[in-house]
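There are 2 protein chains.
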Amino acid sequence: MDRLSLNQRTTERWTVAEAVDGCVRAGLQWIGLWREPVQACGVAEAARLVAEAGLRVSSLCRGGFLTASAAGARAAALDDNRRAIDEAGTLGADCLVLVVGGLPAGSRDLTGARARVADGVAALVPYAEAAGVRLALEPMHPLYCADRGVLSTLDQALEMAAPFAPSSVGVVVDTFHVWWDPVVEAAIARAAGRIASFQVCDWITPFPADALLSRGMMGDGHIDFRHLRRLVEAAGYDGPIEVEIFNADVWAADPDEVVALMRKRYEEHVLD
Amino acid sequence: MDRLSLNQRTTERWTVAEAVDGCVRAGLQWIGLWREPVQACGVAEAARLVAEAGLRVSSLCRGGFLTASAAGARAAALDDNRRAIDEAGTLGADCLVLVVGGLPAGSRDLTGARARVADGVAALVPYAEAAGVRLALEPMHPLYCADRGVLSTLDQALEMAAPFAPSSVGVVVDTFHVWWDPVVEAAIARAAGRIASFQVCDWITPFPADALLSRGMMGDGHIDFRHLRRLVEAAGYDGPIEVEIFNADVWAADPDEVVALMRKRYEEHVLD
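One line per chain: the protein sequences are V and W, in this order.
Count the first sequence with the UniProt record's numbering and you get residues 1 to 272, in order.
Count the second sequence with the UniProt record's numbering and you get residues 1 to 272, in order.
Heads up, some of the hints might be wrong.
What the hints assert, rightly or not - Between beta-carbon pairs, the in silico distance windows are:
no.	chain 1	residue 1	chain 2	residue 2	range
1	W	A44	V	R226	51 to 61 Å
2	V	E268	W	M1	33 to 43 Å
3	W	M1	V	A73	36 to 46 Å
4	V	T111	W	G219	40 to 50 Å
5	W	V24	V	A115	44 to 54 Å
6	W	G219	V	G27	50 to 60 Å
7	V	G42	W	H227	42 to 52 Å
To be verified - Away from chain W, derived, C-beta distances all over 10 Å, residues of chain V:
no.	residue
8	E18
9	D21
10	V24
11	F65
12	P142
13	A146
14	P206
15	A211
16	G221
17	A234
18	A253
To be verified - Quick partial rundown of chain V residues pointing at chain W, CB under 8 Å, derived from the structure:
no.	residue
19	C41
20	L103
21	R108
22	H141
23	L143
24	C145
25	D147
26	T153
27	Q156
28	W203
29	T205
30	A209
31	I223
32	D249
33	W251
Rather than coming from a laboratory, the hints here were simulated on the basis of the structure.
In this text, all values refer to a predicted model and were calculated from it rather than measured experimentally.
Glycine included, C-beta positions come from ideal geometry on N, C-alpha and C.
Here chain V stands alone, though its shape is the one from the complex (with noise of 0.2 Å):
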């Protein structure tokens, strides 16, 4: 249970404030945060409370966005990492989650984007470096790939990595984005050195109106964790495990009861 992590926006109404006392409530010793309402906040005053309550930063959500080809959007889309990266320092972050991006507006140029993701990184790490902030690439489910992610495996996201030291870009592993990869065994073996950031929520069926609240609480779906678990304990981590569910019930339910059921479905379905 000390490796259990709320990600704010598993409880998407609270505050940092809210989140961080929902936390102390409930026993947890770790938080995942996300810049917007970090920024609503103010950075300073979210690193405070988080430390004045004993927590730790699991992870901060998120840079990236990299796609763009055009020139102001691309160098726009940098400053902006660079802003998060500032905050992850901030914050003590474990690492700075990169969403990567979709494909621009208009275009089916699929190797571009991904070339320029690369690129972007690249740009980014002696930023990073200098900050003491690792970078975390997270490969998405293929069903954001147009709109989202061009970042579609792990396998994907490890070759982007290997040019830089694990310490300053690893991955994220996130159950609901891998756990259909057939060889998503030998993809987190390889992550060895590499997984940044574990997260869990699950896959549920039918698949939801909206795509993007399309994850549900561990235990309602589909997802192997213990499976997806030992696999990266296997690979050598042993940081904390984050749950981030973005899920109209989940959002609607009161926050205290949605820590409640993770904390029981973390034990009944993460946990050996």
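Starting from the structure of chain V, add chain W where the hints point.
Just chain W, lined up with the frame of chain V:
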């Protein structure tokens, strides 16, 4: 244009007789059929209509659904597949498409489900060979892994097909299902000799509310069709190019207009 095939689900309201007439009116030479409307027409009658119209059957959809673990359900699935093979033989279809099935209700054992698919295919091959029918394993978009098809990548389909002669077990390359794959170029090259069917339709955004009706007309979405067509041709495939679109708006339109638009978009987006 002599390679273009209308998969009859694209004009969902048409019976076999109407779809055959529609293909003739549009100057097409190929049609892809589905078992339910073929059975409604009568298999022998459907074969007669197609032959008298001078059409050829690019594929019969579909067999498969081989993931059940209960002995009775498994035997029933194999029986149904043998009937589908008989029907494909009567129709002279280029192949019988296999949609392999999702996880059984309540199961989270993806590895086990995939193993049962491999066993089921092995059990069907002698029957298919005797009937002169080529089985075509269809890797499906990972979106459908839980509830429709645990075969998620072209590489995985090729591995499953490998024990059998390419003339007995091929694979389907459906742009909708494979376009996102970071290793699709290498996988299609490896598929040389195994490509039993090439299907085209687009990936559209925002993702429609019904995940099963999320396919779009070529040109309405994000897929680079020419790139994928050139890859399958470089791998030696010169057979029909089938348009299979499940989409509420397409189904609501006049079928003749859908076929006309399909021809136009095929010229604009698939051909050179």
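Okay, the hints, checked on the actual structure:
{"no.": "1", "hint": "W/A44 <-> V/R226: 51 to 61 Å", "result": "52 Å, holds"}
{"no.": "2", "hint": "V/E268 <-> W/M1: 33 to 43 Å", "result": "58 Å, violated"}
{"no.": "3", "hint": "W/M1 <-> V/A73: 36 to 46 Å", "result": "40 Å, holds"}
{"no.": "4", "hint": "V/T111 <-> W/G219: 40 to 50 Å", "result": "19 Å, violated"}
{"no.": "5", "hint": "W/V24 <-> V/A115: 44 to 54 Å", "result": "46 Å, holds"}
{"no.": "6", "hint": "W/G219 <-> V/G27: 50 to 60 Å", "result": "54 Å, holds"}
{"no.": "7", "hint": "V/G42 <-> W/H227: 42 to 52 Å", "result": "47 Å, holds"}
{"no.": "8", "hint": "E18", "result": "31 Å, holds"}
{"no.": "9", "hint": "D21", "result": "34 Å, holds"}
{"no.": "10", "hint": "V24", "result": "33 Å, holds"}
{"no.": "11", "hint": "F65", "result": "16 Å, holds"}
{"no.": "12", "hint": "P142", "result": "4 Å, violated"}
{"no.": "13", "hint": "A146", "result": "4 Å, violated"}
{"no.": "14", "hint": "P206", "result": "7 Å, violated"}
{"no.": "15", "hint": "A211", "result": "4 Å, violated"}
{"no.": "16", "hint": "G221", "result": "7 Å, violated"}
{"no.": "17", "hint": "A234", "result": "16 Å, holds"}
{"no.": "18", "hint": "A253", "result": "22 Å, holds"}
{"no.": "19", "hint": "C41", "result": "31 Å, violated"}
{"no.": "20", "hint": "L103", "result": "6 Å, holds"}
{"no.": "21", "hint": "R108", "result": "4 Å, holds"}
{"no.": "22", "hint": "H141", "result": "6 Å, holds"}
{"no.": "23", "hint": "L143", "result": "5 Å, holds"}
{"no.": "24", "hint": "C145", "result": "4 Å, holds"}
{"no.": "25", "hint": "D147", "result": "5 Å, holds"}
{"no.": "26", "hint": "T153", "result": "6 Å, holds"}
{"no.": "27", "hint": "Q156", "result": "4 Å, holds"}
{"no.": "28", "hint": "W203", "result": "6 Å, holds"}
{"no.": "29", "hint": "T205", "result": "5 Å, holds"}
{"no.": "30", "hint": "A209", "result": "4 Å, holds"}
{"no.": "31", "hint": "I223", "result": "6 Å, holds"}
{"no.": "32", "hint": "D249", "result": "16 Å, violated"}
{"no.": "33", "hint": "W251", "result": "18 Å, violated"}
Hint check: violations occur at hints 2, 4, 12, 13, 14, 15, 16, 19, 32, 33; the rest are consistent with the structure.
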